[in-house]
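So the protein lines, in turn, are chains U and F. Its first residue numbered 1, the first sequence is counted upward by one per residue in our numbering. Its first residue numbered 1001, the second sequence is counted upward by one per residue in our numbering.
These are calculated hints, taken from the structure and not from any lab test.
Straight-line alpha carbon distances no greater than 35 Å define the calculated DSBU-like cross-link-like pairs of lysine-lysine that follow: (1) F/Lys-1179 with F/Lys-1383; (2) U/Lys-158 with F/Lys-1501; (3) F/Lys-1417 with F/Lys-1342; (4) U/Lys-158 with F/Lys-1383; (5) U/Lys-158 with F/Lys-1515.
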Amino acid sequence: MYAYILRRILATIPVMLIVAFIVFSLLYLTPGDPAAVIAGEHATAEDIARIRANLGLNDPFLLRFGSWIASIMQFDLGTSLLTNMPVSQMIGQRIEPTLSLMLPTLMLAVCIAVPLGVIAAWRAGTKVDHFITVFAVLGFSVPVFVVGYALVWSFSLKLGWLPVQGYAPIGQGVSRWFQHLVLPCLTLSSAYIALITRITRTAVLEVLQQDYIRTAEAKGVGRRAILFVHALKNASVPIITVIGIGVALLIGGAVVTESVFAIPGLGRLTMESIMRRDYPVIQAIVLLFSISYVLVNLLIDIAYTFVDPRIRY
Amino acid sequence: MLRRRTFLQAAAAATIIGSPSITRAASQSTLRFIPVIDLAFLDPVATTAQVSRTHGYMVFDTLYGMSKNLEVSPQMVEGHTVEDDGKLWTLTLRDGLFWHDGEKVLARDCVASIRRWAARDTYGSSLMQVTDELSAPDDKTIRFRLKRPFPYLPLALGKVASPACFMMPERLANTDPFKQIPEMIGSGPFRYVASERVPGSRNVYERFDKYKPRESGTPDWTAGPKIVNFDRVEWTTMPDAATGTTAVQAGEQDWQEAMPHDFMPLVEADSNLRTQILDDLGFTCQMRVNHLQPPFNNPAIRKALLGAIDQEAFMTAVAGSDPRFRYSPLGYFTPNTPMASKSGLDVFTGPRNYEKVKAELKAAGYNGEKVVLLVPADSLAQKPLGDIAADVMRKAGMNVEYVAIDFGSVLKRRVNKGTAEEGGWNAFVGNWQGIDWLNPLGHSTLRGDGVFPGWYKSDKMEALRTQWIETADAGEQVRIADDIQKLSFEEVPYYPIGQYKQPALHRADIEGIMKGTSVFWNVRRV
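Turn these sequences into a full structure, and let the hints guide you.
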């Protein structure tokens, strides 16, 4: 097992190099120019050319790529072309809000969606199942921004219970931090709950039709134990898989949620950097996301071994 | 299709009537402000971004200030003398000026600052062209020795149009004008708190205790005493303007620099909120065409298309139907300012006759050449302008290729002089600030020097501009500006497509916000 984990971690190095090369190449080929953004609307072509030269954007592709990779190897993510701040500092400022948004969302979604999916499977074909299914379809269908604005209208404007926007660092108090996260987490979790509910329902329903479940019922095992011990555990592999895949969904959804609630997270930083062609920031964030995906996939693979003893590496 | 704006409007409408008070506790000494866009670039001289200029006025000071009536008066200077038939200007700094690092403001700092600014600015380059000597004979004196009289010297040094002539310490002012200065040290009424900066989200300013406002005069935009009533100003960037409006409504923010026009009926019904147009000069919009490539390299085609320009349609698309927020017909200078002329504006009034325009285009030699129109799809104002531009040109029978790209890509692509096949373009739309179009000296997009994208070249236009600069007679200036407008309707450097005004939103307990662009002195909480 440990050898497997080590092999997987080592395997991320060439993956990261390929990702880095692709990202760098794509940005190189993408239209747009940070020098033009910096120069502003009044700028002439000559102004832009001088700024490009100052930023080193006229250097050959391989020289720039090599220099960037060399910096990365020394854990130097570079400096933002626009803000003049170290990229690592910019990302550091944004990690806490994004993690604060994603981790509770993930927990909330799993805590709600898995029981809902199990209940829907148990009550398959009944009104309860139909209700949960409609809820899941709605969760998928209603855009995240509509959910966000509906929650803002209800809980911020109408009731005045929660703030409309912004983020309060946890260092400023858990209560303020929590208040600012309730609505964004509910918003972001809506689609995720729907996804996990649907998969859980399908997986558990399939398991419930197995012979050993009938045997367990015949032996007098309680309904709760059948559902949550026998059925859920055996249905866990696809559920864990979709939770992992959903991390990508969360990152995508975070861009919209962070915009609606004005949360200064990594999603917004990504969008802003793309719009401004702030290459060092974009490259660093994409690398960070790639590493996150690789690690999440690794964790999922490891998690399989706990829920299904037949899986061994 | 359900749109965010429509949805939130409905939600806000239901809330405004009879909702419980949810005003958040506000610190009396902190002003919470939502800028129109994020402050990405801090150096207000190295960029022409408007938000950087607004930031610049907090941190840096200027030698002269400008009132809402566009009159220039001393700000950092005590005054000036003019000798030698207008060729020797001596400016004297007032006492009590300090940089944020505690050092005294010296004349040599100002000389270096003027040189750096002049390398990036139209007024500045014109001033330097007539300057023989710019020096600091002592710590308080700045001397301009000119080749010929330049009566606009105070205007150049005090104008608000971007980039403004901000003063900074010599060590910063010696930075290449095309590179950012490494730190924010000015002598303005606020210190920039770099340690609290979160790019894309938050910028913080604190009152500069050693700032000494002018002792005389009345606060008026950037002129007069800059009296600060808040210890701290926090800028919060809101990527979605609707969220910003809701945050002000909920009492979480005090002031939103640019509120979406379609929220006006809703916020006007809320007694806790106030709206006002701060900048009466508004935004002057244009469709710029490429004079180097067909079809707009043909002056007759450019002139023929004038009849298709429907300024009302352009402005309705960007600012709605409320006449308070839009103005047409717009000429080549900002309406209701001294140089604005009515000459030639008839072409923009009355219903459009597209069949006639089609025939005139054909007669002018238009043969269905492709018109590549660049539209910044991510710009709230410029996207609708682009939509209308495509529509009117198509109605006039032109073969329009609508290229929707992001604003950054437009900025890059528009400097390409090549054909469409070589990555070039034929037309793009843009919104300038009205303050950019006040006169021929500062109106860089009207110049006939062939430099600005579009590459309009006209010796006649440059000669008129030079005449305007060289005369100090106000009546003569008006006459020359009128001639410039007449020439513009003949040569069509670009198409004026209307002026719109942007409402600002603030809480009712915030008073003293002055007309002009957003400035943070004189503002107080009551």
